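First to last, the protein sequences are chains Y and Z.
As numbered in our numbering, residues 1 to 297 make up the first sequence, in order.
As numbered in our numbering, residues 1 to 297 make up the second sequence, in order.
Bear in mind the hints are in silico, worked out from the structure with no lab data behind them.
Worth double-checking, as some hints may not be accurate.
What the hints assert, rightly or not - Residues on chain Y that point at chain Z, a partial pick, calculated with CB under 10 Å:
(1) 7
(2) 23
(3) 103
(4) 138
(5) 167
These numbers come from a predicted model, not from an experiment.
Just so you know, even glycine gets a beta-carbon here, dropped at the ideal spot from N, CA and C.
Each chain, letter by letter, is given below.
Protein chains: 2
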Amino acid sequence: MILCRTIPELHEALKQQQSKNAGSGTVGFVPTMGYLHEGHASLMRRSASENDISVLSIFVNPMQFGPNEDFDRYPRDEERDLALAGQNGIDIVFMPSVKEMYPKAPLTTVFVSQVTSRLCGASRPGHFDGVGLVVSKLFHLVQPDKAYFGMKDAQQVAVIQQMTDDLNFPVEIVPCPIVREPDGLALSSRNVYLTAEQREQAVMLSRSLAEAKQHFAKAGITAADIVEQTKQMIESAELAEIDYVELLHYPSLDLPDPAAVLQPERDTYILALAVKFGSTRLIDNQLFGYIGGDYHV
Amino acid sequence: MILCRTIPELHEALKQQQSKNAGSGTVGFVPTMGYLHEGHASLMRRSASENDISVLSIFVNPMQFGPNEDFDRYPRDEERDLALAGQNGIDIVFMPSVKEMYPKAPLTTVFVSQVTSRLCGASRPGHFDGVGLVVSKLFHLVQPDKAYFGMKDAQQVAVIQQMTDDLNFPVEIVPCPIVREPDGLALSSRNVYLTAEQREQAVMLSRSLAEAKQHFAKAGITAADIVEQTKQMIESAELAEIDYVELLHYPSLDLPDPAAVLQPERDTYILALAVKFGSTRLIDNQLFGYIGGDYHV
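My request is simple: use the sequences and hints to build the entire structure.
Rendered as structure tokens:
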């Protein structure tokens, strides 16, 4: 495995790996912010199984954090990350500094409208501008054939797919299923922030999504019904503070008429939630209804 | 020469040309809106001389025209364009329909700030958003090593260079010198709109730039002096209606203090102008001072 901290090193490593593949190796790419867990590992293994060369990037991108968010305290563990990358089929790790990625303040914005107007796009102003910018940069630097993203960040997947389609990026976006703890909590680098008590109550996120899945199958149910039931269930965890609970069409992330009966035989929906425990904000989601495309539920 | 009207045809043609170059041919790219003239031909010849494979695109991009601009009447001559491409070393012509490039209304914006705030960016709101979008798409579709742009659209070159740097597009932007008629008028597809009388008076654009070049060498001259003299000279052409005449730093396109003495031994400046003759809007420009990088004057 080759570790690259600069762009020239990355280009050299790609060239070297390509020379082992007669110049025509397929490249799989897993962009991350590090502090890797089994969710990331599942992306790495999938990339390794589908491509000749697999590249992992580890970059905590300041541009996608708001001024009062957790950029400075975002967890980092380089040594453990590199070990995990090596165990999961990664050939090249790209771990640039902020200065390497942003030698000057960029003047270019990559903005995706509509898909970013709700959920984390609304709660975290500017977040998806930062994501669009860094993913564009990384796609250009790595030039992958396929890029792997976890569906825990379902809105991120929708935004990147829209950007890729609109700008004709020559890359296939591969959404991968959420990986969960045995009790259901979605894996996240931010879970490490939780106190024992918060961690215990955080199970209510996945539990409320599972419960909603039951209700969803009932005839005559509306978006408002599902959202209301889910909110009530989350609020039963006394340390939980809801940021949002929304039921939307997926991947457009349009709001259905809250009072209209859902049409799961025809439409794809996402129930998405963001909940704070103290200063730790967790997200989770569940797709429902007709699941087209490559989404995994 | 291969003519492609669809994206799959383009990919097939690139693959076919690459197979002649053992898969490692360099690709030069000349993006145009067609109605080609000797200015475009100079870009095509430069691309052909520097690359194994040269691609020309012809696409009148509706996204970069304002609602009251000349999208519908923009001149087109497919047969002549193809002949000229063949004579100037082009291997692949990509000539997509609007529907091929924009199957749905894009939700993604590629916006470059600061560099777009003056000149055509100010006169043509949204113009450079359309340019950023279509150039991003074309770069992703063609995947060139080098892309050739004429310096008549100097602001466009600055915007595309900024976007390329900020987003790490794996392409070298090659600015090429303005090609002029024997009397000095910069070649433009829009020159065909001019009446005989307008055409005669339009020579004042390049003449005023040449005159300014003389003044520029004088000690103690300011930006305001140069702009004032240039405006007066253009206004002596009675059919000319000035849109803008500005002296700026290049390529930042920052405004220097109008009253401060210019520092040509240290700084690069651009004198840029847009002038209407009837409903036809012409642009021209001249770089002055220390010419760094690859710009040609």
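Hint numbers contradicted by this structure: none
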